[in-house]
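Student: Here's the letter readout for the chains.
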Amino acid sequence: MNTLEILFYALSAFAVVSAIMVLVSKNPIHSVLWLILVFFAISGHYILLNAQFLAIVNIIVYAGAIMVLFLFVIMLMNVKSDNEPQKKLLVKFIGVLSGGSLLTLLIALVKQTVQLEGKQVLMKEGTIGLIHPLGKALFSDYVVPFEISSVLFLSAMVGAVIIGKK
Amino acid sequence: MTILALDWGFIIEKLIMIAIVVFASLGIALYTTFGERKVAAILQDRPGPSRAGPFGLLQPLADGLKLIMKEEIIPSQANKWLFILGPGLAMTASLMTCAVIPWGSALDVFGRHVELQIADVNIGILYVFAVVSMGVYGIMIGGWASNNKFSLMSALRAASQAISYELAMGLALIALLMTTGSLSLKTIVEQQVQGHWWNVVYQPLGFLIFFITAMAECNRTPFDLPEAENELNFGYHQEYSSMKLGFYLFAEYINMIMSSAIMASMYFGGYDLPFFNEASVAPNIAAMIGVGTLLIKIVLFIFLFMWIRWTIPRFRYDQLMGLGWKTLIPLALFNMLLTGAVILAKL
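One line per chain: the protein sequences are X and P, in this order. Per the numbering used here, residue 1 is the first one in the first sequence, and the count goes up by one each step. Per the numbering used here, residue 1 is the first one in the second sequence, and the count goes up by one each step.
Calculated directly from the structure, the hints in this document are not laboratory data. Small disclaimer: the values here were computed from a predicted structure and weren't measured. There could be a bad hint or two in this list.
What the hints assert, rightly or not - Heads up, simulated DSS-like pairs for lysine-lysine below, C-alpha to C-alpha not over 27 Å straight-line:
(1) 26/X - 80/P
(2) 326/P - 165/X
(3) 326/P - 166/X
Said to hold, decoys possible - Part of the chain X face toward chain P, derived, beta carbon under 10 Å:
(4) 36
(5) 43
(6) 57
(7) 75
(8) 76
Even for Gly, the Cβ is constructed at its ideal location relative to N, Cα and C.
One chain only, chain P, in its complex shape (with noise of 0.2 Å):
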């Protein structure tokens, strides 16, 4: 039997590594809806959710038990199993991601070498890329499925902004990965760790694009068209209750930290602390700081996101598809242009 030589080693390494990567994104995913309605809050000049908790902070918790507590509702002319299956898929799509993210360098654990990612794949960023472009049928099934106008409209614009937006985001990636050379997102790590400078660097014009791209990728204000409430009542998930309009609700929240985390390993060094010599201190402790300072740029991205959204008003829809056809995308092949020629000029 050779299929049971496997190196069983190796898979429960890599199951407990996923298992510790999606609850700790879950986890991080459930305070990001406290730290959005505090930052909210701040902004706005009030003190927030303070009650549930030392200052409100069981207010999540409070929350997720609502949401489950409540009454699930399958409407009648509502097509069952796509309804269902529309807010599992954006979860699964959102979740994928995390697959691919180098979270720190390498941990010795019992003489096992444990690197902290689950797959280092050959296409890494190309990954993340299919798994985007998957999280659009949550959307659209779910709206389709619902029966209802409103959400049907809304799925439809949620693609196609997600679409218009991806074209964009590849064209920025496609300058980045001209001057790395290749696509997996620990090379690209390892590449700044051991350089001088972080892509950002090299790329400023590129990481902006990037950056707008996954804004809008994420429905964040101001490009959450598809939940425009004026003119959608309340978008895709209308007609959602319980824990299925909670997994809504989340992915977007999971798909910001995953995407804080894309754009802290692709353009801010991932885990690399600046100023720093990892190789004066045990090889364990210093994967854990370079973990710790993963997170902490992730906290920083978190918190612009929500900065923004809590500050631009949200735009108006042909002005959202002008920017994404007529200024982002130019913009990139201008950007993809000036790498070639520099890298050209180097040669």
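Excised from the complex, chain X in its bound form (with noise of 0.2 Å):
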């Protein structure tokens, strides 16, 4: 084992570990904040696969700016465990079984789409997740999936104030 694998289960268990969390707590703040933990394990993966660029945007949008608004909406509405509703049997039955389809077709999916056996992760090199040759991709070879997106996010702003303005 080197350090970059040491590294890579290390992140791995952080990840995993912190996903669990965020299922199995009680209390929806702290739901949160185990997600903003699991955000900052993949960003160690990306660090690990040379993609800094990545890296610090995952932090800076995800856990930074999204898991703020999570915490907003959930202090504001004063989630607690315990006057919220208790769920039917059958609904929980229902979530675990398509959970489970969902899970199954992924793992699926990955495995048709790629020959995964005897590969090996790139680790510290690449220079995708470098910001020079991503803005190159995004702004040539990406150029419309791209612009089409930022208009997308530029509706779903203008339907916010509209809603907001009501």
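The two chains are supplied separately, each in an independent frame; assemble them into the complex guided by the hints.
Tutor: Structure (structure tokens):
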């Protein structure tokens, strides 16, 4: 085991444990805080893949902005575990069933799309996660999807303002 | 065992540097509280703290001792772990910024070439940004865990203020990054050392926006809405006592030092002493002069922060949001377009 492998396993264990804690925590605020830790672990993986830019953007956008909004909503609505109505057994069963089938589907898809056997992840090398190659790729090869998604964001923003004004 | 094949000298060097930078920032923050009280006193035409030691110089130590000796109180209805986590997070987030600030060029110590920067990462500025956005959690978690509606209100205010002003700050930064072409703080400073002018000459409007947003991010008056005593009793740290309260107050001063250091590095040449040829003296002496120059710039910025605090009254909350969204963001966008047009014309 070299340093990279040790870091990889430590980060993975950290991510999985935090993700389980998101689900297990009774208090929604605790869930959000564990979710922030998951994002940190994922950023750690990005850094192992030499994608520093992706890592830091992941922290700024997800852990820094979106999770703050999550916290905001939960704090304002004052969601507590004890006054939350308990779901029926049937609903729980259906939830487990649909979640399980989604997981199976995803695993099957990943197994089908690429030949994973004997492949190794490139660690500490590659440049696609750095700012120059990423910017070049976004504004040359992927410029149309990029612009379309920015229009999507703009329309969402306008919609939010209109709903807020009502 | 490949795991032990590390450059131990490198690790020890970095650990020593981290210790020096952290303790130096804590020490400066301690005396910034003293400076704040003296500046306030001068602006209000009174002597200020003058009893403890010569010129009152031992006052911060007395303040610190008083904070430590106070009783630790955790409210019975508070969420205990998060209540303790809050101030810790606030302090950690404000100290983490110092990792990417270039404090000087390089020293030669016992044949080792020591860069006076903890980590020269290629995403330096964005790292600062990420840490700033983490800082808001300390306030939010502390305010919520106190189980006090004034604390919660204040925490929500702090969070919405931080998010709103982060946008304008980011847009002001983009214009600067367009001229420098690099995200690394070391590269940005070196460009200014080598070039003719500091970045503030190319980006005056960008600097102004950055300065205002930095003031808002540090929760300094006129943007200290989260601590508006007359509306919120005391703010998000109302239920805190002893050193946990001290951590919150201290984190604010460290934030001020760090944002001064960032502004000095990005817009005012960092460790560059103007009209002085670094090559004319020994490299080690030049590096020490650079560190001193940066510290002087930081002190000047901190003084500016204090001067504004004791001169301008606090905004109203809607004025604060209006300034952020309706004035600073359009201005920053305009600045960005202008910079882009100039760069395009120069090509």
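Student: All hints, please: hold or fail.
Tutor: Hint-by-hint comparison with the structure:
no.: 1; hint: 26/X - 80/P; in the structure: 16 Å, holds
no.: 2; hint: 326/P - 165/X; in the structure: 16 Å, holds
no.: 3; hint: 326/P - 166/X; in the structure: 20 Å, holds
no.: 4; hint: 36; in the structure: 7 Å, holds
no.: 5; hint: 43; in the structure: 9 Å, holds
no.: 6; hint: 57; in the structure: 7 Å, holds
no.: 7; hint: 75; in the structure: 5 Å, holds
no.: 8; hint: 76; in the structure: 7 Å, holds
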